[in-house]
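*Asks:* Sequence:
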Amino acid sequence: MRVTVGAAVLNQTPLDWDRNERNLREVLAAARDARVTVLCLPELAITGYGCEDAFYGPHVGATAEAILSGLLPETRGMFVCFGLPVRWSGALYNAAAVAVDGRLVAVVPKQHLAGDGIHYEPRWFKEWPAGQRDEITLCGTRLPIGDLHVDCGGLRIGFEICEDAWVADRPGGRLGRRGVEVLVNPSASHFSFDKIDVRRRLVVEGSRAFNAVYLYANLLGNEAGRAIYDGGALIAADGRLIAEGQRLSFLPWQLTTAVADLEVARARRARSASFRPLHDPDDDRVAVPFVWPVLPPEPAPTVTLAAWETLPPPARKREEFTRAIGLALLDYLEKAHMRGFAIS
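In case it helps, our numbering puts the sequence shown at residues 143 to 486.
Derived by calculation from the structure, the hints in this document are not laboratory data.
Among these hints, one or two may not hold up.
No farther apart than 20 Å at their CA atoms in a straight line, the calculated lysine to any residue pairs in the SDA-like style are these [unchecked claim]:
{"no.": "1", "residue 1": "K337", "residue 2": "I260"}
{"no.": "2", "residue 1": "K477", "residue 2": "K268"}
{"no.": "3", "residue 1": "K477", "residue 2": "K459"}
{"no.": "4", "residue 1": "K477", "residue 2": "C193"}
{"no.": "5", "residue 1": "K459", "residue 2": "A415"}
{"no.": "6", "residue 1": "K337", "residue 2": "A466"}
{"no.": "7", "residue 1": "K268", "residue 2": "Y198"}
{"no.": "8", "residue 1": "K459", "residue 2": "K268"}
{"no.": "9", "residue 1": "K337", "residue 2": "E476"}
{"no.": "10", "residue 1": "K477", "residue 2": "G257"}
{"no.": "11", "residue 1": "K268", "residue 2": "G257"}
{"no.": "12", "residue 1": "K337", "residue 2": "K477"}
{"no.": "13", "residue 1": "K337", "residue 2": "K459"}
Work out the full structure: start from the sequences and follow the hints.
*Replies:* Structure representation (structure tokens):
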């Protein structure tokens, strides 16, 4: 079984509803043109990541929900995850709403929140406990919410949302034992020097250890004035990188795609002496009918990096600095509606 998968990076702006929706619509159209059937979008892509205390306002969740409802028809023939805040039992959660073939099927909240450095997620959101499940109404539909994975036409797809992949007890370990074959990671991972090397290791090692195709999507640009996001979508399978998107781009969005051969991971899992499937009832499974297109064999994908990404460390750091500052300043000009900078 071969599946065309995609990971998108988006240059979003907190509470700029028109811009954010336009970017989402454009990347969904590009994914459809590329015949993508599994698409990972970044964390909190509908609202923007840096809404801060505005997350508390009920209008933020209501507007995000309305945009999500309008985007659902664009997901026909695809599995797509949309990042947005959801309110459940009086608390806010950083979540991924899962759409399959034009309809919502589940909501998966983040289990580990980023609360160090420049991140203050515990101020606005609650962590969702592992193993807990309930129901929520979103876009007028009653849906399962919680620690879930989706059985999409026989292919199991699970989630690690940004920080979930950076902790010792990653959800991917349990999901792999559930038979999950595709892991999607919607992220908002800020730029720092050489951080891309750590991300690559997380994604590649996740694909190897969990016997899964791993999709990583990230935000891009100077989103809210403080943090710079460098994009850099990643796709890995069987312990190797099979696609990587450009970093520090000046484009509003980018789509990275690959054809993943799931039979390779299935064979590897079957012959692994260390693989121990879970035998308890899988009540964390959401079954959804879906017909996967049959794809012909393709040559093994190769990753070609931009020339500056392959420079020796001192030179690459200088290049990273130049590109990150240029992107941050230009984004700030545009998003603050300024005409220029004064240098004194």
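*Asks:* The structure should be examined with respect to each hint, and the outcome stated for every one.
*Replies:* Here is how each hint holds up against the structure:
Of the supplied pair hints, the one linking K337 and I260 holds, its CA atoms being roughly 15 Å apart against a limit of 20 Å. Distance restraint check for K477 and K268: the Cα-Cα separation of roughly 29 Å exceeds the 20 Å cut-off, and the hinted pair is therefore not satisfied. Taking the CA atoms of K477 and K459, the gap is near 26 Å; set against the 20 Å cutoff, the hint is violated. A distance of roughly 14 Å separates the Cα atoms of K477 and C193; the hinted pair therefore holds under the 20 Å criterion.
Restraint check for K459 and A415: not satisfied, since their Cα atoms lie roughly 42 Å apart, outside the 20 Å limit. For the hint pairing K337 with A466, the CA-to-CA distance comes to about 13 Å; that is within 20 Å, so the pair holds. Taking the CA atoms of K268 and Y198, the gap is near 12 Å; set against the 20 Å cutoff, the hint holds. At most 20 Å may separate the alpha-carbon atoms for a hinted pair to count; K459 and K268 exceed this at roughly 36 Å.
With a C-alpha separation of about 26 Å, the suggested pair K337 and E476 falls outside the 20 Å cut-off, and the hint is violated. Proximity of K477 to G257 is assessed by CA-CA distance (about 26 Å); at most 20 Å being required, the pair is judged violated. Between the alpha carbons of K268 and G257 the distance comes to roughly 11 Å, so the proposed pair stays at or under 20 Å and holds. Annotation: proposed proximity of K337 to K477 is violated, straight-line Cα distance about 26 Å (limit 20 Å).
Proposed proximity of K337 and K459 is supported: the alpha carbons are some 11 Å apart, at most 20 Å.
In summary, the structure is inconsistent with hints 2, 3, 5, 8, 9, 10 and 12 from the numbered list given earlier, while agreeing with the others.
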